[in-house]
Structure formats: structure tokens, C-alpha cells
Amino acid sequence: MWTLDGWDQFLTFLAGTEDILLLVLRILVPLLSLLVIVQCFRSVRRSRRKAAPVVMLQDITTDKKIPVLYWENSIGRSKSCDITVPDGTMSRDHAVLMRREAGWEVIDTGSKSGTRVNGVKIKGSHMVLPGDRLTFGSTTLMLIRAEGADSRTSTDPFRRIPSPAGLLALVVLIHLFLAVEACCGTDPWRPEAFLLFGLLALVDIFFYLFCTHVFGHISFEVETVGLLLSGIGLFLQTSMSFDVVITQLVALVGGICLFTLMIWFMGNLDRVNRWRKYIAAAGVLLLCATLVLGTSINGAKNWIYIGKFSIQPGEFVKIAFIFGGAATLDRLQTRRNLTEFIIFGIACGACFVLMHDMGSAAIFFITFLLIAFMRSGSLRTVFLATALVALGLFMFLQLKPYAADRFSIWGHVWDDVNGLGYQQSRTLTYIASGGLFGVGLGRGYLVNMPEGNSDLVFGMLCEEQGLLLSFIVLLAIVLFIFYARSDVTRSRSTFYSITACAAAGLLLFQTALNVLGPTDILPLTGVTLPWISAGGSSMMAVWGLLAFIKASDERTYAARRKSA
Amino acid sequence: MRTQGWRSLTLYILTGLFILGMGVFAFRLGTQGASWAMQPYNRHLKTEGGTTQGGGEAVWAGTIVDRDGTVLVESDDGERHYNEDSSVREATVHTVGDLNGSISTGIQLQYRAQLLGYNALTGVSGVTNNTEGSTIALTIDSDLCETALQGLGSYKGAVMLMNYKTGEILCKVSTPTFDPENIPSDIETNDAYKGAYYDRTLSVTYAPGSTFKIFTSASAIEHLTDWGTRTYSCMGKEIINGNTITCMSQHGELDIREGLAVSCNIYFADLAIDLGAGNMTETCNEMGFNRSWDLDGIPVQASHLDLNGATDDQIGWAGIGQYTTEVTPYHMMLTMNAIANGSSAVTPHIIQSITDANGSVSQPDESRITLLTSDTAAQLNDLLRNDVVSDYGDGNFPSGMQVCGKTGTAEVGGGKEDTAWFVGYCQNPDTPYAFVAVVEEGGFGRSVAMPIIVSLLQQLA
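Top line first, the protein sequences correspond to chains E and P.
Number 406 in my numbering belongs to position 406 of the first sequence; there are no gaps in the numbering.
Number 115 in my numbering belongs to position 115 of the second sequence; there are no gaps in the numbering.
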């Protein structure tokens with residue numbers, strides 16, 4: 001008899017310690033996640049090229065040497081040029097000297113006096129080799145190699161870069177912990193969580209091996225953070241149902257494919273320049289198609305049903321929008337006006353307003369401002385656009401008073417907890433209920449709310465996984481801004497710089513709307529939290545946006561250049 | 001590309017705004033988290049009766065009991081219930097607090113997080129996910145509170161009594177009061193309920209009248225070497241700077257001992273003028289004026305004394321507890337506590353213990369607040385004991401308690417009756433009680449405020 005008693009006691013003991021064990025996991029997961037995120041960021045910072053010139057330009061009359069610091073350099077007498085030559089016969093923005101795969105090229109950007117290479121006037125872009133003489137106006141510069149070129153390969157033994165495989169292993173471990181949480185948090189247990197872990201681990205490892213061995217990439221930081229966040233999102237969705245999780249997992253694989261495809265596509269800037277217009281046009285067409293064929297869910301007509309599958313085309317148009325807006329430096333210098341981009345922006349914005357998708361409209365507007373300013377530096381454009389949109393919003397609210405409701409309840413959600421403030425008050429209550437470490441996966445109640453696992457998912461993340469992990473997820477998204485910013489002048493083209501900044505800004509703004517809307521700091525708009533919210537289209541699009549950030553890292557295309 | 005580098009700094013504006021927004025969110029969560037969590041629809045808060053989570057519409061929180069375990073408020077069947085006796089409810093509502101949080105110093109509001117089992121770190125889930133609120137035991141005795149409420153009758157006022165050896169507040173009542181189970185519909189409009197949401201023991205200041213002569217005496221003991229022999233002569237009234245200070249009768253020549261016993265206004269007005277604004281302010285600030293307190297974390301209004309630029313007549317008025325002098329009943333009791341303890345007051349407590357769901361009990365820390373020197377305390381003790389022996393009469397109090405005290409009758413102006421005070425303590429260490437009673441528009445302290453304290457002491461005898 002006592003053996004049975006002993007067994008019972010053992011089971012009781014296990015049941016007693018189970019909650020403690022799960023709490024320990026809920027503390028470990030955020031700490032390990034923070035480690036991964038910080039190490040990935042340090043890895044990016046440490047492997048950055050030092051700001052040393054690869055080539056120089058030497059004035060043949062004065063012998064003065066001018067360092068060439070960037071992959072694309074504007075040359076002219078304007079102070080804003082990367083290479084400023086005080087020569088009255090030069091145009092303000094005379095030409096662009098840029099590094100492409102085949103070597104250095106120079107292109108005249110509509111100068112008055114033209115550009116000559118070795119005395120011959122050029123049309124379009126022209127290859128330049130060391131020793132070639134470039135004539136702008138009355139100034140002649142010779143391209144020469146910098147002494148001690150390629151100094152960037154010299155590695156400082158004290159600046160050790162964390163092992164990408166090690167960081168990925170840590171991510172897989174975090175996913176395992178999340179699987180234990182998802183399995184044991186509920187009664188009865190859900191062993192399916194371990195199946196999910198198995199599949200996710202396969203995705204993690206295959207993606208890594210593919211990038212390093214097939215693509216020959218030497219860096220994996222951005223992808224590691226993406227996989228970490230995707231895993232946190234996937235396991236959070238187990239609280240909803242495993243059907244949702246399967247959709248998310250498929251979308252994750254799709255997103256990774258899109259990421260890989262975009263990295264390949266953006267490897268050739270000529271190809272990008274050729275296709276840019278078509279991608280932009282396809283984006284607008286897709287939005288128009290949504291307007292015509294779309295289905296309305298929760299008041300926003302932004303879904304297209306194809307058989308059993310539903311997609312939100314608006315998510316993919318974000319990628320097209322960024323493609324359409326960015327350009328290489330030579331194009332920025334020759335086509336200065338933003339008219340085409342403004343028309344493109346208005347077309348997209350109008351479509352979203354007609355769909356009643358105000359969240360997406362706001363995201364496109366902020367992205368538009370970011371790109372427009374990166375391209376033109378014109379504050380006037382920014383102010384004008386903001387004023388126009390404010391006017392438009394005002395008129396919209398006059399015409400559609402129901403849309404004003406979400407503005408009227410803003411800041412007063414506790415006055416109407418069962419009416420207009422329903423979603424916000426529940427979100428706040430369940431965030432506060434979760435505390436620092438959450439109540440545990442599968443033990444939350446916000447998931448039962450409409451849109452609880454998408455628009456209100458920040459609340460759900462806080463409730464079940466705790467404030468600590470939620471803030472670390474946000475930190476990861478904020479750090480993408482710093483990734484993008486640190487690569488702006490080091491990337492291989494302004495195209496990459498602009499797309500990366502636009503993508504990072506878009507992700508952050510979308511995050512801000514998702515987090516600050518339901519918590520009543522901003523008016524509530526229904527947008528998803530990148531990587532975390534349920535939604536296949538969103539998951540795929542987010543990985544597509546991540547590709548922009550990845551592409552602006554000059555190491556992304558480094559290995560291929562070496563082998564070529 | 002350099003220009004793009006500069007322009008990309010705009011991203012930091014976006015980032016900064018986001019971080020600012022998150023800061024606002026974190027601040028609100030820290031300050032309002034408990035009220036966010038304590039919503040009736042929160043399914044993490046289970047009902048008392050139910051064993052499973054998902055209480056639905058339950059208003060759930062822990063129980064509050066008095067020192068004898070009498071339930072003052074508890075949750076049952078998803079509803080919050082107060083004690084079944086309406087006079088207990090009315091006598092304790094200011095301490096316990098109402099359900100709407102209108103009484104800002106109530107335990108239910110101030111200790112909401114503990115009652116809920118909420119804290120910012122673990123939310124509503126404890127380490128092992130059981131969402132049980134704590135039971136709070138108060139130091140008050142609900143029977144004693146009922147007696148004090150009866151004593152106050154239809155007057156507005158405050159009564160508080162504590163054990164000065166242990167720091168426990170045994171009785172704490174504020175009127176006008178109301179029944180939290182049946183809140184009067186005219187509570188906002190009816191003058192009889194004016195200020196019903198204020199706990200007058202903690203949140204309201206009164207002109208101290210003659211009870212302030214204790215502080216004037218303390219200042220004399222500390223600053224005048226001849227304080228024990230110094231005499232003034234009382235002619236019933238005295239004109240200072242053209243301003244007349246009146247006395248109840250013509251006391252003639254008297255010293256401080258006689259002056260305090262008969263509560264001679266002229267004596268203490270002249271004494272205050274001789275002490276001067278500097279000495280008066282110094283002593284009063286040492287004894288806790290112009291300083292806010294907290295009672296187990298519940299904020300207490302500061303007593304007020306400001307003699308900056310006061311003329312002689314104003315200092316004279318201040319010396320007898322008029323002018324702009326204002327005192328909280330809590331502060332007055334704290335002073336009695338300090339004198340009874342011979343310089344340091346034992347910090348008063350209203351919380352006896354908080355027992356959380358896991359059975360772990362927390363109690364307030366014992367500490368002391370020094371308000372005056374032991375010599376001053378001993379001399380004041382002697383003076384206050386003399387008041388009762390020579391004037392109020394030991395026979396009016398339960399025998400053997402050796403009560404020390406001072407009455408007060410403060411003018412409030414505006415055609416209103418005077419505010420009646422009685423403050424003091426029992427010298428006998430077997431009945432270590434310090435007390436205060438204030439009755440608005442009550443008239444004489446001796447005839448209105450003192451009997452309330454007597455009835456409490458009789459019950460404690």
C-alpha cells in the first residue's frame with residue numbers, strides 16, 4: 001500500500017513544483033532572449049567596417065588626395081556632396097562615383113560641363129580603373145588605390161564576434177523552453193507543443209545552413225532575431241489553437257522564402273532598377289483588386305479570399321511601396337522631384353482609406369514621410385504632406401462620424417468599459433494581471449476577446465508571458481532601427497540605405513500603433529504586432545521587410561563578391 | 001551618401017516618441033496597475049465560493065476584520081458585503097472605506113493591491129498561480145467605535161483612541177458618516193452629509209483652541225528658565241495692539257500650573273508674546289507642526305502653524321490656539337502619545353496584520369517618533385495631570401486610570417458654535433490609552449468632548 005501512497009505523494013509533489021518550474025522558465029526565457037538580442041546587436045556593431053577609404057582621388061595639379069569613403073559618392077561643388085571640389089566650373093551635383101560588382105563606375109548626373117574619363121566625354125555610366133583620370137569642369141582627379149587598402153579585414157582580437165551558430169542554438173533552446181511552457185501550462189497537457197518545437201527547430205536549422213552554405217552568407221544576426229521573435233509569437237498562438245499555429249508556421253516558412261528571394265533579387269541593383277516600376281505598379285493594382293474583390297472583416301475591407309485561403313494584400317504592398325520609393329544615388333541626383341512617388345503614395349493611401357483600414361493608412365503615411373525625407377531632405381514636403389493628411393483626416397471624420405468614436409474614447413476608456421472602451425480596458429486589466437512574468441501560456445483570458453491574438457496581442461503577450469518578455473520583444477524591434485541607422489552610410493547603395501530605414505521605421509511605427517493603441521496612449525487602430533500577432537500575410541510581409549534591413553548590411557553580398 | 005546618413009537621424013525621432021509612449025505606459029501601469037487589475041470582469045479574480053477560476057462578474061477581494069475578528073467587509077457570492085450591523089458599518093466606514101473609493105484614506109482603496117493579491121511584479125498571479133487576496137486585520141475595536149459614534153450623536157467630529165504602549169489604534173470614528181450598504185441618495189447635496197467622505201481623524205484640521213496651550217507650555221519649558229515661577233495677572237481681558245483678548249473670568253495673578261488648570265487665555269497669550277514667534281515656531285515644528293504624517297502608508301494632513309510676520313496680538317492669539325493655527329486630531333493624539341511615553345511616541349498603527357493567501361503574515365514595523373525632550377515631557381505630564389486632579393476631577397473618570405488631559409473650546413467665527421476638544425491619556429501603565437475627541441459646533445470641550453472619552457474609558461475599564 002505505501003508504494004501507492006508514495007507514488008501519489010510523488011505526483012502531488014510534481015504537481016506542486018510544476019508551477020514553480022514554469023515560473024522559472026518564464027524568467028529564463030526573457031533573460032536568454034535578451035542575451036540573444038544584445039549579442040546579435042553587438043555582433044553587427046563589431047563586424048562593421050571601419051571608416052577607412054578603399055580608394056582615393058588625387059587632384060593632378062595640386063596632388064591633393066581626397067578619400068573616397070562610401071560605396072556611392074556624389075561629386076560636385078555643393079557642400080552636401082560626399083566629395084566636394086571647390087571648382088566654379090563644376091555643377092553643384094556633378095557626378096556620382098560608385099562601386100558596383102564589376103568595379104568602380106562614374107556617372108554624370110546632368111552636369112553643365114559634362115564628365116570626362118581620360119579626356120573622353122562619357123554618356124551614362126562608365127567604368128573607372130585605378131590610374132584613370134576623371135575630369136569635372138576644369139578639375140581633373142585620378143583614381144588611385146588607398147595605402148593599406150582592405151584594412152577592414154584586420155580583426156581586433158579583443159573585438160570577438162559572437163558565434164552565429166551559438167546564438168542560433170540559444171534560440172532553439174528558448175523555443176524548447178517555450179514548448180515546455182505551452183505543453184504543461186494547461187490541464188490536460190498539450191504534447192502537440194513538442195511537435196511544433198520539432199518543426200520550428202528544423203526551420204531554424206535549415207534556414208541557417210541554407211544561408212551559410214548555399215548562399216555563403218557570413219552573417220546571421222538579423223535572421224536570428226527574426227527567428228526568436230517568430231518562435232515567441234508561434235508559441236503564444238498555441239493559447240488560441242493549434243490550427244492558428246499551423247497557419248503561422250506555414251507563413252513563417254513562406255516568409256523565410258520571401259526573405260531569401262528578396263535578398264537574391266536585391267543583389268543586383270541594375271535588376272532592381274529595371275523592376276522597380278513594375279513592383280510599384282503591381283502594388284497599386286493589388287490594392288485596387290482588394291477594393292473590388294475584397295471581403296470586409298471587422299469593418300475593414302482588406303481581405304481577399306482565394307478558395308479556403310485568405311490573404312491581406314495590404315501587408316505585401318508595404319514591400320512594394322518601399323521598393324517603389326527608394327533609389328540609387330545617381331537616380332536620386334538626376335530625378336530630384338518626388339512627383340511620381342507622391343502620386344504612388346496618394347494612390348496607396350486612398351486605397352486604404354477606402355478600405356477603412358486607418359491603421360495601414362497611418363503606417364503608409366509615416367513610411368512615405370521617412371522615404372520622402374531620406375530622398376529629398378525637404379522639410380517643406382514633410383510639413384505639406386502632414387498638413388494635407390491632417391486636413392484629410394478632419395474631413396473624413398466630419399463625413400464619417402462613426403470613425404470619430406475611436407477618437408472620442410481615446411483617453412477616456414474607463415468611462416465606458418463595456419462599450420467603446422471595451423477592448424482597451426480589457427487589454428489594460430489583463431496586462432496588469434500578468435505582472436512581470438505573466439500567468440503562463442494557455443492561462444490567459446484576453447485570447448478569448450475578438451482580435452485578442454492579433455490587434456490586442458501585446459496585451460496577450462503581457463498577460464501570459466509577462467511584461468519583461470514583452471519589453472524585450474519591443475527592444476528587439478527598436479534595435480532594428482539602430483541596425484538600419486548604423487548601415488546607412490556603409491551600405492552598398494542609397495537604395496539599400498533608404499529601404500532599410502523605411503522598413504525599420506515601418507516596423508517600429510506599426511509596433512507603436514499595436515502597443516500604444518490598445519493601452520490607450522494612442523487612438524486604437526487595428527494593426528498587427530510584427531512576428532507576434534496571428535496573421536499569415538503579416539508574418540510573411542514582416543520577413544520581407546526584414547530582407548531590406550539585411551540587404552543594407554554590406555556583408556550580405558560580400559562573400560559572393562569574393563567568389564566572383 | 002553622407003546626406004542620407006544625416007537624414008536617417010529622423011528615425012531617432014520616431015524611436016524617441018515610441019520610447020516616450022512606452023514610458024507613459026510603464027508609469028501608468030506602475031501607478032494605476034492595481035485599479036486596472038481590480039475590475040469586476042477580470043476573470044483572474046475568482047469568487048470566494050468558487051474553487052475554479054473564471055469568477056465572471058465577481059467583485060473579489062480579501063476580508064477586513066477588526067481586532068476581535070469581527071468581519072467588517074468581505075466578498076461572498078461575487079458581492080462585497082459589510083458587517084450586518086448598520087451602526088458598525090457607520091462607525092467603521094471611514095477606516096474601512098467605501099466601494100467607490102470616495103473615501104480616499106479608506107483601507108479598501110489604500111490597500112487595494114493587498115486585498116486583491118495584486119502586486120506590480122506578479123500581477124494577480126502569485127508564484128503558484130493562486131489568485132487569493134490577503135486578509136487584513138485592523139487594530140480597531142468595532143464595539144468601541146460604536147460607542148464613540150453614539151457619543152458623537154448628530155454632531156460632526158472625530159474621535160480617536162490608541163494604546164500608546166503598542167501603537168494600536170483601538171477606536172477611530174469620523175462623523176458625519178453614512179451606511180456604505182445604503183449610500184444616501186442625497187449624500188452629495190444634503191448639508192447634513194457635507195464632508196462625509198472625509199475621515200476627520202486624518203484629513204481635516206481644526207483650530208485647536210485651549211488644547212494648544214500644551215504646545216505653548218512646552219515652548220516655555222524649553223526656552224524660559226523661570227517658567228515654573230513666572231506669573232501673569234488676568235483682568236478678564238487685555239488689549240494688545242488695539243486687539244482685545246478675552247478670558248472666561250478674572251483669574252488675577254497666576255502661574256503656569258494654575259493657568260493651565262483654569263485655561264486662562266490671558267496667561268498663555270502673554271506667555272506666547274514673551275516667547276516670541278521664533279521660540280514658538282521652533283518648539284511647534286519639533287513637536288510635529290507643518291509636517292505630514294502617514295498612518296501605515298495612509299496620508300495624514302499636516303498641522304499648520306505660521307507666525308511669519310505675525311504681530312504681538314496675533315502671536316497672543318496663536319498661543320491660545322487661534323489665529324491661523326490648525327491641528328489634525330491624529331497629530332494631537334500623537335502628541336499625547338509622546339508625552340505619555342516620556343518624549344518618543346510609539347508610531348500608531350491601524351493595520352494589525354496582513355495574512356496573504358500562502359498564510360504568511362506581515363505586520364507593521366514598530367518604530368518611534370521623538371517629538372520632545374524627556375524633561376519637557378515629564379513637566380507637561382505633571383501639568384496635564386494637575387488639570388484633571390485640580391479642575392476636571394478624577395471622579396469623572398474610571399477610577400485608577402490617572403487621566404491627564406486638556407479641554408479646548410476653539411472659536412471658528414462665522415456665527416458658528418465653538419469647536420469642542422478633549423485630548424489626553426491615562427498615566428496608569430495598566431490602561432495605556434491616548435485619546436482625542438473633537439466636536440464641531442459642540443460648544444464647551446468639558447461638557448461635549450470629554451464625556452465621549454469618558455464613555456470609551458468606562459468601556460475599556
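In short, the hints are calculated from the structure, not lab data.
You may find that some hints are simply not true.
Selected chain P positions facing chain E (in silico; Cβ < 7 Å) [unchecked claim]:
1. 44
2. 367
3. 368
Pair by pair, the computed Cβ-Cβ distance ranges are [unchecked claim]:
4. E/189 <-> P/101: 36 to 44 Å
5. E/416 <-> P/309: 26 to 34 Å
6. P/358 <-> E/306: 29 to 37 Å
7. E/401 <-> P/309: 43 to 51 Å
8. E/310 <-> P/101: 32 to 40 Å
For glycine and all other residues, C-beta sits at the position ideal for the given N, C-alpha and C.
Results of checking the hints against the structure:
1. 44: holds (5 Å)
2. 367: violated (30 Å)
3. 368: Violated - the Cβ of residue 368 of chain P stays beyond 7 Å from chain E, reaching only about 36 Å at its closest.
4. E/189 <-> P/101: 36 to 44 Å: holds (42 Å)
5. E/416 <-> P/309: 26 to 34 Å: violated (52 Å)
6. P/358 <-> E/306: 29 to 37 Å: With Cβ atoms ~55 Å apart, the hint is violated.
7. E/401 <-> P/309: 43 to 51 Å: Check failed, 59 Å falls outside 43 to 51 Å.
8. E/310 <-> P/101: 32 to 40 Å: violated (46 Å)
Checked against the numbered hints given earlier, the structure breaks hints 2, 3, 5, 6, 7 and 8 and satisfies all the rest.
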